[in-house]
Every structure is written in structure tokens, then in C-alpha cells.
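Asks: Protein sequence lines, in the order shown, are assigned to chains Y and L. Going by this note's numbering, the letters in the first sequence line up with residues 13 to 328, in that order. Going by this note's numbering, the letters in the second sequence line up with residues 5 to 305, in that order.
Since the hints were made in silico from the structure, they are not lab data. Built from N, CA and C at the ideal position, the CB exists for glycine as well. Treat the hints with care, since some could be wrong.
[What the hints assert, rightly or not] Here are the simulated DSSO-like pairs of lysine-lysine, each with C-alpha atoms no more than 30 Å apart in a straight line:
| hint | chain 1 | residue 1 | chain 2 | residue 2 |
| --- | --- | --- | --- | --- |
| 1 | L | K114 | Y | K43 |
| 2 | Y | K43 | L | K122 |
| 3 | Y | K43 | L | K178 |
| 4 | L | K114 | L | K178 |
| 5 | L | K122 | Y | K139 |
| 6 | L | K122 | L | K178 |
| 7 | Y | K139 | L | K114 |
[Claimed, not checked] Per the computed footprint, the stretches of chain L lying under chain Y, defined by three or more beta-carbons under 8 Å from a beta-carbon of chain Y, are:
| hint | stretch |
| --- | --- |
| 8 | 17-31 |
| 9 | 63-71 |
| 10 | 173-187 |
| 11 | 286-300 |
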Amino acid sequence: MAVLNPDPNASNFRESLRKRPLNRWNEMLIKAALTACAFVSLATTALIIIVLFGETISFFQDVSFSDFFLNSEWQPLQKPVSFGIWELVAGTLNVVFWSLIIAVPIGMATAIYLSEYASPRIRRTLKPILEALAGVPTVVYAFFALTFITQDLLQPGLGKGAVPIFNSFSASVMLAVMILPTIASLSEDAMSNVPRDLREAAYGLGSTRLEVSLRVVVPAALSGIIVSILLGIARVIGETMIVAIAAGSTPNLTLDPFASIQTMTGYMLQVGLGDAARGTVDYRSLFAVGTMLFLMTLVFNIAAQLIVGRYREEYE
Amino acid sequence: MPADSPETITLHATGAVARRQAISRGSRYILLAASLLGVAMLFVLGYITVVDGIGRISIDFLTNYPSRFADQAGLRSSALGTIWVLGTTIVLAIPVAVGTAIWIEEFAPKNALLTFVKLNLANLAGVPSIIYGILGLAVFVRFADLGPSILAGALTLTLMIIPMTVIASQEAIKQVPPSIRQAALAVGATQWQTVWYHVLPSALPGIITGVILSVSRAAGETAALIMIGAFAFIAYDHSLNPGQALQDDFTTIPIQIYNWTIRPQEAFRANAAAAIILLMVAVFALNLTAALIRERFRRTF
Chain Y
13 MAVLNPDPNA
23 SNFRESLRKR
33 PLNRWNEMLI
43 KAALTACAFV
53 SLATTALIII
63 VLFGETISFF
73 QDVSFSDFFL
83 NSEWQPLQKP
93 VSFGIWELVA
103 GTLNVVFWSL
113 IIAVPIGMAT
123 AIYLSEYASP
133 RIRRTLKPIL
143 EALAGVPTVV
153 YAFFALTFIT
163 QDLLQPGLGK
173 GAVPIFNSFS
183 ASVMLAVMIL
193 PTIASLSEDA
203 MSNVPRDLRE
213 AAYGLGSTRL
223 EVSLRVVVPA
233 ALSGIIVSIL
243 LGIARVIGET
253 MIVAIAAGST
263 PNLTLDPFAS
273 IQTMTGYMLQ
283 VGLGDAARGT
293 VDYRSLFAVG
303 TMLFLMTLVF
313 NIAAQLIVGR
323 YREEYE
Chain L
5 MPADSPETIT
15 LHATGAVARR
25 QAISRGSRYI
35 LLAASLLGVA
45 MLFVLGYITV
55 VDGIGRISID
65 FLTNYPSRFA
75 DQAGLRSSAL
85 GTIWVLGTTI
95 VLAIPVAVGT
105 AIWIEEFAPK
115 NALLTFVKLN
125 LANLAGVPSI
135 IYGILGLAVF
145 VRFADLGPSI
155 LAGALTLTLM
165 IIPMTVIASQ
175 EAIKQVPPSI
185 RQAALAVGAT
195 QWQTVWYHVL
205 PSALPGIITG
215 VILSVSRAAG
225 ETAALIMIGA
235 FAFIAYDHSL
245 NPGQALQDDF
255 TTIPIQIYNW
265 TIRPQEAFRA
275 NAAAAIILLM
285 VAVFALNLTA
295 ALIRERFRRT
305 F
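Isolated chain Y, as found in the complex (with noise of 0.2 Å):
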């Protein structure tokens, strides 16, 4: 057994004795500094709401709640001004809509592949290329929705006339290209976590392969994939730079893919890019529309989180 040699130096070993209340104190120290560091992100929330709230109550006190939620014009910036919100939430589902009626099937089907058809050699191939989709900055989304869905393709294949310079569903089809990795990717983890034995059990009993993707695997993950369509919305719904450029400024209650219209984050940007002056109501008015959008991407975070939480152990 070795035996423990005290230290040669005693000076030493009793200086560094003499250290310790000082490492106690720096050690307090440094513990403050991280949890002020913790702060700064409870500080964030608190500021948000203050913001958006403190300055959407003083939207209330110029315009009316009768004038935001049951009028139908949203006309902030030419007399006769009104503030009816449904046109720009209606703008909002429209995309939500058209690019999730492209991004699901696609998504699923991708997510099936690479879980239940690849070989791992093509699936570790494919699955960074795919993902390498969600590292393209929105604006660069925005101007191939504008110059290549637009105008490279919709408008000389179905004709001037049919297709405004401004459509919801250019805006779309790219939105559907930006969620499209979020949803295969988050669905394809949900489907390889699913147990091979019930897989096993299926194919046992006879079933394609097709069947057991489809009766079987799809619906033991069904939460995983509900959870990535979820967060997909949540960011179709807060994303501005392509709805911007490619889908117009004209607040339209219609869910035409072939209109120009204007969603809750288009007309924050325009507002932006104005120079609207403080306590104008239509700096007020970025903020009322901006509690709109908040809650309504709170609204789809959250469910996500509870359907997370509340499926995650499910086979453990």
C-alpha cells in the first residue's frame, strides 16, 4: 500500500491552508456572477411582456377593442384607419395553411423513408443535407420565393394575369422548404424510437413493409410527429422576411394561395421600416400585433412542450 508522503514544504502546505477563506470567497463570488447569468434570460421574459403589454394597453386607450377584434379592414395608415387584426391573422393562417398542406406529406414521407426504407449509409447521408435547409437565413428564402417561385415559374407557367407579383403562395412554398427539416428530422427521431418489437410483431404476422410503417410505427410516434407540425406552425407564424418580401402588404381575408396579402409579422415590418415616431398609434400598433403574434406562437410552443412531456417515457 502506498504509503502518503506529507508534503515536504510545510510552509507551503500551511500557506495554502492560510488561502482557503479567500477560494471560499472567490467561490461565492463566482457563484453570484452564474446566477446572474441565469437572470438575464427570466430578465428577457419580464422585459418582453412589460414591452409588448405596457405599450399594447396604451394602444387600447387610442383605438377600441371593438375596433381591433370584430372590425373586419385592417387600414392602420390612410383615413379613413381602422384596426380590424382578422385580416392580418387570416394572412398568418394562409401561409400556415398552404405550407403545411405541402410541408406535411413531404415531411412525413422523408421521415418514413430515412426511419423505416434507407440503409444507414444513405440515411446519414441525407439527413445533414436535409438539415443543412434549416441553416439558410429566411431572407435568402425570401428572394427565391420573390424571383424563382414568382417570377421564374408561377408567372410565366399560369400567366400574368393569374398570378399577382405578390402571392401567399410563393411565400409558402418556401415556408414549407424552411419547416420541411424540422419536421422530418424531429418525425424521423420519433419513428426510430419507436421499439423494434412491435415492428417485429407486424411483420410476423404478415404485413408489408409499407403496412407496418403506416399502421404500425406511424401511429406509436404519432406524438413525436404531432409535436414536430407544432413547432413547424410556430415558426411559419413568427417567420417575417419571407411573408415580407414575397407575399405582399395588402391585408386580404382570404385564404386564395394566389392573392397578395399581408400577415401580423409583414405589417410589423413595414412598420419598421418606416420611422414610426413613439407614442404614435402606429408604433403602438406594432406592439398590439406583436402580443397578438407572441401568444399565438406561445400557443403552439406549449402544446408542443405538453405533448413532449407528457408522451416522452412512454416505452422506457
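Guided by the hints, dock chain L onto chain Y, whose structure is given.
Replies: Then chain L, alone, in the frame of chain Y:
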């Protein structure tokens, strides 16, 4: 089947079973085609950008200020603005984000406050960037009276990227096994010494990867910076003295791309495409670096 059987017997399904098998076999190609759509999109977009923009890339394009003439306009001020804003954001965000992650994983008492901090971070990560933009506008530009300056932009981006940087750093710190901590604590290291000399070095590749991915997200951010007023015409270089430069108005490459995209003249489309090529090269370089660091330093305990 016995090994010495003279011939292999194959059973062929007939009728409904054969039809089901055929459908399943066919489904492979349909699903593959659907999965390749995303990849194809990436290549088509890359291809048309290069065709549109490659002709505009030159030294002049990098060194010219913006201009109302497409062929004289360049990225000088927006590139410098991007570098200044990102640099400042990195300096401000990293200590706070990594500090928060360390506090959550190593120091925080396991109580309701911790649960709330984690829940709060998850929700902040999902807040749209334009909300951070109007927050920055109200708090930094107007209330703190910083104006649409580099500092205001960096503070806004800092608040935006802290949540995702914290979450990535937390994951990296969690990967360090408890035995490392126990060994350090057992020989008399304090809690902070354990973290500083043992946990952080092991977690560093994961933290760096997370930081790089967050920075690449900030590099492409457009809406939040437009909201604080960075949609500006800048035709001067920022001072090299940070105290001076941080107060300057600024613009960034993504905002310049937006500016060129919304102009009706065809010539600006080439400018936008050329700027996109440069921005994408930078973003992919960052992502590739992150992936390489993750692979190179991957440690399994």
C-alpha cells in the same frame, strides 16, 4: 432449409397478398423521390443563385459602398457592419449563455426556480425574432437611447441567441459523466475548480459547436435588425475604436440582400444573388466548422 438441399424453393404470393407486396415495393421509390425533393430544392436554389450572381462577384463588389447604380454597388459597409455586430454579440452572449448553462447544470438547487428557468428558456427559444426586434426597439433604441447603433443591434441579437446557446451548452455539460466530477471533488477540489478544470474542458467542443450554430443564425438575422432601424444607407467605414464604432448606425449583409431583392430593376437581382453566394459560403463554413469540431473532439466516456 437443410444445407444440402438440391434446389432452392421460392414461394410466390398470389392474389391479394401479391398486390400488397407490390404496393409496398413500389412505395419505396415514391418515398425516396419525396425525400429527394428537399435535397433537389437545395441544389436548384444553389444552382440558380450561382448562375444569377457569380458574374457580379469581384473585388469591387466587396470594397464598394452601396449605390443606386447596381453595377457600382457593393458590400463594403454591410460586411463591416455584420462583422462589428456579430463580434460584439459574441463577446456579450457567450459569457452569459455559458454561465447560465453552468449554473443550471452544476450549481442550481433542484427547486421550482430551476424548473421555471428551464421552462422559460425553452419558451424564449421559440419566440419569433421580430419580437426580439421590437423589444430591442423599445428598450435599447428608444428607452436606453442608444439609437439604431451597433451596440443596440448586438444587444438585441444577444438576447435572441442566448436561449439556444444555453440549451446547446447544457447538452454538452450533461454529456460529462458524474464520475469526472466525483473524482475531482474527492481529491479536494472546490465546486468551481471541478467545473473549471474538469467539466468545462470536456464539454468545450459541444459548447463551441452550439455557439457557432447560434452565431450562424445571428449572421443571417434580418427582421430583428430592420426593426431596430438598421435598414440604413451607410457609406462610411466604422472607426476601429470600439467606443466610437459601437455608437455608429450600421447595416448588415442580410439587410443589403433584402434591399436589393425588393428593388424592381432586374440588375439588382444579380447583386442580391452575389451577396447570397457570399453569405451562404460564410454560413456553411460556420456550420461545417461546427460539424468538424463535433466529430474531431467527440469523446465517449
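Asks: The structure should be examined with respect to each hint, and the outcome stated for every one.
Replies: Results for each hint:
1. L/K114 with Y/K43: Holds - the C-alpha atoms of Y/K43 and L/K114 are around 15 Å apart, at most 30 Å.
2. Y/K43 with L/K122: 18 Å, holds
3. Y/K43 with L/K178: 19 Å, holds
4. L/K114 with L/K178: 15 Å, holds
5. L/K122 with Y/K139: 29 Å, holds
6. L/K122 with L/K178: 14 Å, holds
7. Y/K139 with L/K114: 36 Å, violated
8. 17-31: This one holds; 6 residues, not fewer than the three required, reach chain Y with a Cβ under 8 Å.
9. 63-71: violated (count 0)
10. 173-187: It is violated: at least three residues are needed, and the stretch 173-187 of chain L offers just 0 whose Cβ sits closer than 8 Å to chain Y.
11. 286-300: Held - the stretch 286-300 of chain L has 4 residues with a Cβ nearer than 8 Å to chain Y, which meets the minimum of three.
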